[in-house]
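A.B. asks: Starting from the known structure of chain A, fit chain B onto it as the hints suggest.
Number of protein chains: 2
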Amino acid sequence: MSALAHHEILYLLLGLSILLGLARLFGEIAKWLRQPSVVGEILAGILLGPTIFGALAPELQGAIFPVGEGGLAAAIDGLTTIAVVLFLLIAGMEVDLSIVWRQGKTALSVGLVGMALPFLMGLAVASLFPTFLGLEEGTRPLVFTLFLATALSISALPVVAKILLDLNIFRSDLGMVMVAAAIVNDLLGWMVFAVVLAMMGTVKVAALPIPMVIVLTLAFAFLMLVVVRLLLDKALPYLYAYASWPGGVLSFICAGAFFFAAVTEWIGVHAIFGAFLFGCALGDSRHLRERTRATLENFVSFIFVPLFFASIGLKVDFLKSFDLGLVVVVCAVATVSKVLGSALGAHWAGMSRRESWAMGFGLNARGAMEIILGLLALESGVINERLFVALVTMALLTSMTSGTLLERALQRRRPMRLVDRVTVRHFVSSMKAQTREEAIRELAESAAPSAGKPAEEIASAVLARESLMSTGIGNRVAIPHARMEGLKAPLVVIGRSDSGIDFDSPDGRGARIVFLVLTSAKSYSDQLEILADISRALQRPDAVDKALASKSYAELLALLKVESGGEHAEG
Amino acid sequence: MSALAHHEILYLLLGLSILLGLARLFGEIAKWLRQPSVVGEILAGILLGPTIFGALAPELQGAIFPVGEGGLAAAIDGLTTIAVVLFLLIAGMEVDLSIVWRQGKTALSVGLVGMALPFLMGLAVASLFPTFLGLEEGTRPLVFTLFLATALSISALPVVAKILLDLNIFRSDLGMVMVAAAIVNDLLGWMVFAVVLAMMGTVKVAALPIPMVIVLTLAFAFLMLVVVRLLLDKALPYLYAYASWPGGVLSFICAGAFFFAAVTEWIGVHAIFGAFLFGCALGDSRHLRERTRATLENFVSFIFVPLFFASIGLKVDFLKSFDLGLVVVVCAVATVSKVLGSALGAHWAGMSRRESWAMGFGLNARGAMEIILGLLALESGVINERLFVALVTMALLTSMTSGTLLERALQRRRPMRLVDRVTVRHFVSSMKAQTREEAIRELAESAAPSAGKPAEEIASAVLARESLMSTGIGNRVAIPHARMEGLKAPLVVIGRSDSGIDFDSPDGRGARIVFLVLTSAKSYSDQLEILADISRALQRPDAVDKALASKSYAELLALLKVESGGEHAEG
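In order, the protein sequence lines correspond to chains A and B. If you count the first sequence from 1, position 111 lands on 111 in this note's numbering, and the numbers rise without skipping. If you count the second sequence from 1, position 195 lands on 195 in this note's numbering, and the numbers rise without skipping.
There could be a bad hint or two in this list.
Capping the alpha-carbon separation at 25 Å, the derived lysine to any residue pairs in SDA-like fashion look like this [what the hints assert, rightly or not]:
| no. | chain 1 | residue 1 | chain 2 | residue 2 |
| --- | --- | --- | --- | --- |
| 1 | B | K31 | A | A549 |
| 2 | B | K234 | A | K234 |
| 3 | A | K234 | B | F427 |
| 4 | B | K31 | A | R293 |
| 5 | B | K234 | A | W101 |
| 6 | A | K551 | B | L97 |
| 7 | B | K234 | A | A554 |
| 8 | A | K432 | A | R289 |
Because the hints were derived from the structure by calculation, they are not lab data.
The following block holds chain A by itself, in its conformation from the complex (with noise of 0.2 Å):
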């Protein structure tokens, strides 16, 4: 605390806790729109930089965001590049190779076709309009070049790897070959990436020639994912069964991943290579707990990550550089030479015009890691900022077209969740009712305005459906329900009784919670979706206690996407 002012820390705490608070905020607000949560961390980043809060307030902008010279500078720096080793170790751990093994021949095609094409067109666009691509004087084409065609080819791992679960499919056939395909292209994406680095040679700690930095860095890849891999497989176990549990094998972990990271630095490609291949050789180890992996991956993903990308924001003025046409031109070769390269990689090796399609927009996806290449391309000089504004666009509109047109050409729709279709306005905190039809038309009363139907119809439907055979599911819980005609939307309304309503439960209770849940007549399993979360969510007689005592909709709110397992239950 001596090498920093005062000032300086006050800068540093009052920047980190509104780069932060506003890249989360963004995110969060991404993910309600149902698009990547990096998308408005981006956006944070760049309002609080250059392009908007620079522009309207340069030197109070510049007093906290500092870019450059000095101490300040030097913290955010220091904080971002542990940032992004912290982040490329939870990306190298969802990477599974047994997967590859698995998906063997189809995977290898898909993935490397999907990587050749884009690759290709990526050298054909660079050799033929440099300058339009923005090659600055005293760049060496080839450099230049290889970037370019590097970055056009690599999917982002983590961003298909969520989709695919956003749609319920991570662990069918078609997801596991997707992943693994997105794998290969990973792998050998960031190879061929580190050698465009060393060739960069803007990292020259060691000043090792080109030649031995590229078969240095093909040894320590070989050595991470064979030696190191069998060895952190053997060294697991002891260290769960004697380091502090559940904290100390963190420790360890972190450690690991920083000195790996410093290893490459020092051979001369960058920091994240190291910390990528440490988290591909951990994350295949059986021996490694979920609770490990999950405390790792909340604290990065929602502390670093969000950091890292928002700092992004800072380092360039987005509008200043923003070229629609390169944007355009990148953009479309990326979209149109991975989509095809990929689904022809599934074609060619057998699979249905419909599921190659599919392929083909999965891995479209580039995200965080093409944002990654492009930063470290434009920090060493190779491109410049309108070309890293045109790869970031791209990155992002990828990332955010992808699940949609995937859930297009499999005609999958993502499953109802219980807490999408809960609000305010059909809370009825304490209801009147006293019997079972008075508590359906009490409910049916509150959902007919956002039904756009007669509370009479949807009481008589549901009254029907009551009356094949009765609802109350016990332990104090009640889901009539009644699929209609002309809904737009399902609608779920919950009403809470004090006395208790007689819904004739297996237990003999009365239900204090009834769920009022109307669906679509044309699809029967929104309606078994949504009662499967609420019969997950209330199974615990303690659940049904806290969600009686909850004092506002917001307590039940988080209650219920609690104990229904958030937004992502997998499996």
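C.D. replies: Frame of chain A; chain B shown alone:
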């Protein structure tokens, strides 16, 4: 990533990996020796700092862990500042104000008297022997005196809480009074210290006059503990309801801690004060979920806290500045005044003699807080390195001894834990035995050397117990046991059987895992605690499956540790 040169990034990552790895390794060793982790973590820093590593290889040490000017030093400083802010956040979260209200007068009496006596003695010593204590020319004697008085009078709530948890008396009346007294102590101590900090006059961002700083500090504390506390309690359900689960809340908590840390830094007291009070306000909310607390605590305690403590050793040459006379005086004054003061306070509040002494010994632990205070004073030039080293030594010694002294005073002992009693020497991976008697004889054979008794004697004691009632507890587990005269320490032998051995279990299944438990004839509770751990660890059928499938002793131990709740299964 541009304010730091590439060699600085290399050294930053390398330095962090060594610092974190070694700090935690020593921290784990300290824990095995039943000492607080902080002792090991600080020792690791001393080893890597100027004291040892710097004396052996000054240039290399200075390159990796630079002090003072430069980008790398600033990056490390920024990181340790964030670390200490997050540490005080989680320390604050442990403060439960409702405990203070409930314990009322007793807690106030212990807390106030236990603080007043050391404070007065500190004032006296500092006024009488300023030169011996190292008051330098140019420091105002008043500031020096007040600092020393405060430093001697603060207890360390986290250490006290940890000791009580270890002894399993955290939730007892005595434990609650002790915690409440430590909270009173902590809050008051930090208030006084905030004022002293303002008088040190090093934090000069706003450059407010001192009375203004005092008024602002008190107003800030009031705002945090009353207004912000209520607002947070209202806001948390909304955060849980609408932000991502489980990570979303983490970001906003950290952003909040950084923000209020910045506020106090602006007022002119140190950043940690704001983070601490924010932690108090947050930790009090009943809406804060256990999972959020655990994730935050694990990550901060095992990544940031070790980095912070180890970094202390980097700043000072502990050998050169070690002054035995000074250390003895500081330790004696601190311990005598604190133990007497707290014991007197307890006695006046009507506690028994034994309990009063227990209170004194328990609250004598200074731990981390002392060290942070000392570091701030050192960096503002209020104290010199000799006094700093004496304060650190005092903090470590009081933390190391207070657990043992409290045990003695209460004649309590730490509960026996299964995982502390098993060793690879007493693990029979695949038993030859086919019958119950053979199994007991085979395991007794393994126990004999360590027990210092012939196998025959052990086997007959166990068989005698077995003849009273069978020890097959079902779920493929059996726990034959006996209490024996003259056994030095409890001893557990684990045997696995491939075929299963008939232990007359209630579920009729043969035992595949057999625990032979030998305890001293003097104690019933040793046996009960170990047997309880075994049945807790293996109550789920899949835990038994995993125990049977584990390929090494370490894997089995890791499983037993995790399933039986690690080293601190509370309650």
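A.B. asks: Run the distance test for K234 of chain B versus A554 of chain A: straight-line Cα separation, threshold 25 Å.
C.D. replies: Holds. K234 of chain B to A554 of chain A sits at ~10 Å (cutoff 25 Å).
A.B. asks: Taking only the CA atoms, is the gap from K31 of chain B to A549 of chain A under or equal to 25 Å?
C.D. replies: Distance ~42 Å between K31 of chain B and A549 of chain A Cα, so the pair is violated.
A.B. asks: Does the structure keep K432 of chain A and R289 of chain A at a Cα separation of 25 Å or less?
C.D. replies: The hint is violated at about 49 Å.
A.B. asks: Compare the distance between the alpha carbons of K31 of chain B and R293 of chain A with 25 Å, and conclude whether the hinted pair is satisfied.
C.D. replies: The given pair, whose Cα atoms are some 24 Å apart, holds under the 25 Å limit.
A.B. asks: Just to be careful, I want the Cα atoms of K551 of chain A and L97 of chain B compared with a cutoff of 25 Å; is the pair within it?
C.D. replies: holds, 22 Å
A.B. asks: Please verify whether K234 of chain B and W101 of chain A have alpha carbons no more than 25 Å apart.
C.D. replies: violated, 51 Å
A.B. asks: Can you confirm whether the C-alpha distance between K234 of chain B and K234 of chain A stays at or below 25 Å?
C.D. replies: violated, 48 Å
A.B. asks: Between the alpha carbons of K234 of chain A and F427 of chain B, is the straight-line distance 25 Å or under?
C.D. replies: holds, 19 Å
Violated hints, listed in ascending order, are 1, 2, 5, 8; each of the other numbered hints is respected by the structure.
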